[in-house]
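Chain by chain, the residues run as shown.
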Amino acid sequence: MNHKHSDPLDRALGSLPRDVQPERDLWSDIRAEISTPSAATRSASPRAAMRLWMSLAAGFLLIVASSVTTYVITQQAAQKKLLVAQQAAAAQLQQAPAVAVMPASFGGQEAMSAEYLRARQALDAEFQRQIKTLPPVTRAKLERNLADLRRAASEISATLAEHPNHALLQELLLSTYQSELALLGSVTNLSVPTLTSTPSETRL
Amino acid sequence: MLSGALAVATAHNNVMTADRSPLSDGALVDSARQGDMRAFERLYRLHSARVMGVCLRMCRRRDVAEDCVQQTFVRAWRNLSAFEGRSAFGTWLHRIAVNEVLTYARNHGTRTEGDDSLDAADEGSQATPGEFDASEVMDVERALATLPEGARHVVVLQAVYGYSHEEVADMLGIAVGTCKAQLHRGRRLLRERMGLGDAPLAEVES
Amino acid sequence: MRAIVTALSLVLTSWCAVCAASDEDTVERTLPADLRGEVEIVNLSGDVQVRGWDRAEVQIHAELGEGVEKLDVQSSKGRTSINVIVQGHHNSGSSDLVVEIPRDSTLLVKTVSADQTIADVRGVQRLQAVSGSINTQVWSEEFSVKTISGEVTVSGHKTPAVANVNTVSGDVNLADIVGELNLETVTGDMQVSMPTLNRARIQTTNGDLHLVTLLARDGRLEAEAINGDLSFTLRQPIDAEFDIETFNGEIDNCFGPKSVRTSEFAPGNALRFKEGAGSARVRIKTLNGGVEICK
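First to last, the sequence lines map onto chains A, B and C. The numbers in the first sequence follow the working numbering, run straight up by one, and end at 204. The numbers in the second sequence follow the working numbering, run straight up by one, and end at 410. The numbers in the third sequence follow the working numbering, run straight up by one, and end at 705.
Don't read these hints as lab results, they were simulated from the structure. Beta carbons are placed, not taken as given, at the ideal position from N, Cα and C, and that holds for glycine. Hints may contain errors.
Computed list of chain A residues with no C-beta within reach of chain B, every gap over 12 Å [unchecked claim]:
#: 1; residue: Leu117
#: 2; residue: Gln121
#: 3; residue: Arg129
#: 4; residue: Val137
#: 5; residue: Arg139
#: 6; residue: Gly185
Chain C stretches covered by chain B per the calculated footprint, using a threshold of three residues with CB under 8 Å from any CB of chain B [what the hints assert, rightly or not]:
#: 7; segment: 632 to 645
#: 8; segment: 655 to 665
#: 9; segment: 690 to 700
Within a straight-line C-alpha distance of at most 25 Å, the following computed SDA-like cross-link-like pairs (lysine to any residue) qualify [said to hold, decoys possible]:
#: 10; chain 1: A; residue 1: Lys132; chain 2: C; residue 2: Thr527
#: 11; chain 1: A; residue 1: Lys132; chain 2: C; residue 2: Gln459
#: 12; chain 1: A; residue 1: Lys132; chain 2: C; residue 2: Asp581
Same shape as in the complex, but just chain A (with noise of 0.2 Å):
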């Protein structure tokens, strides 16, 4: 926000002094455990081998994982089938009443219709095949995207419980949901014609 100045809490916290001295001098105890050779120092370079070898490896994998990169749904039949998935979800969201909210003791879930549930677990699980076919970093990128998403609507969820009937938060857990949908339904389109397929005469 850009109106730091104005904002009583920005002073406020803008007042409080960065540096705060230790009420002794570390100094004379940080040179004596850097002067000898400690079992950290030992236990450190297995652990930056370790580092090392990961890194490596996930190098590795990431050459491997491009060189195979085809980007399935080659199938026709799978990809109907996963935008007869997302479809069904995103009707099924559509006709949802307002998010009614069990209480928190029963976990705070939504009671959603179980043709919703069914929906979007087809829709995730053709997600998941999917997205194995993707670049490790991008499919990375999604599966974070998608936890946050998902981190949002447990949060909205679990906040609806102690406000239940709360238009906003109401409305707000209905758009995360959609976006989610949204999400798990990206990954379609991604065809890229291989020897194995016909060129993709599907329109964007």
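Following the hints, put chains B and C in place on chain A, whose structure we already have.
The following block gives chains B and C in isolation, referenced to the frame of chain A:
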């Protein structure tokens, strides 16, 4: 314990006004990498107060904070070869310090940053609205200390030390969304406890 | 003698194999095309540059990388398709395409990591990338841009258009777009400048938004964020009704009215006020994200 520690520390707060330009840090780091402990001591003198500020506000206990500061510099010395200079040396130190604070918290049973749930029931220590005076630095420190751990960590790093959402999320090992949520929650609690921006209730148009 | 011939053959074969392996194929094709036809381009990785021109032709210059089986170009019934076909399990090298198309064509581009740069194409555009970035110019036709993590940059020409932009984590920069905007990200940040806004629907989970615009009379602006911060700079004259609500966030505004608590028993702040006759409508909702609205 916190307010006492801070009272002493800030009273004796002879902040180093030495040149902290990246140029001087860079030269000192290069020398320290070669084993020059005097150069590393100089880095300690330049940066320890700020690292202490981060540690103390995150963990609230002076003794724990001093341990974290000590371990931060020990680890920094042992990993100097890993510092690539992409960020400022101070920033790199703060990352190590935050790691030390989180490790301590995990090893001593306090709620960890890995628990991303915003437990609304856990509002930190009980504080009454308007208990703290925003114009008094000591009160701001004490109000900050009453925040629940997750919110406090984010507010300290973001609002006090100016790190971005992405940097804070990375340092704490949490999602950016969680970081933002914690920040807003922390700020809301601070406002309440310092009696700031408490607008009157009004009818909400439906 | 036979040994020498055999040895020479072996050397030549190896040399040619190396050539084949390291050779990049260059393809140049020119085909006739409808001035208002459709052009589809598909490429995995590398670069795709598309330029609009005034000829009734599609001209292709392609540098094909290793692992590319062929450049498949088909043209029929006003539709030209250009596909970089990779071998199924080969390490596909990067292929760069430069394509000139009739500027009023409808353009469809699909890439994975290939970046897309589009210039002077005035027809409808549907651009999709996974991690590749997309940089395009738009005029008055509808356009749709989607990426997962690729950055999106769109420059308008202040002529009314319908803009649809959707990313997961890619950042979005839109400038000089006029008319209608549908914009959604999960974590991508958004910088939007619209000389005039007729309708805009903006939704984000964690992305930050900064929007600068002039609200048209009867304009509609809806923006929603879970954790992202939403910042608006509205140009004068402002004739709008504002409905801003947040559960945990803060509302900061330059207009004067202060936000109020929405409930005695729950968090929540709202800011509702009118400027001028209130012909336009601005509706902003967040869970934790802050809202800043200024003029």
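| said: For a quick check of understanding: which of the numbered hints are violated here, in increasing order? | reply: The structure conflicts with hints 10 and 11, although it agrees with all the remaining ones.
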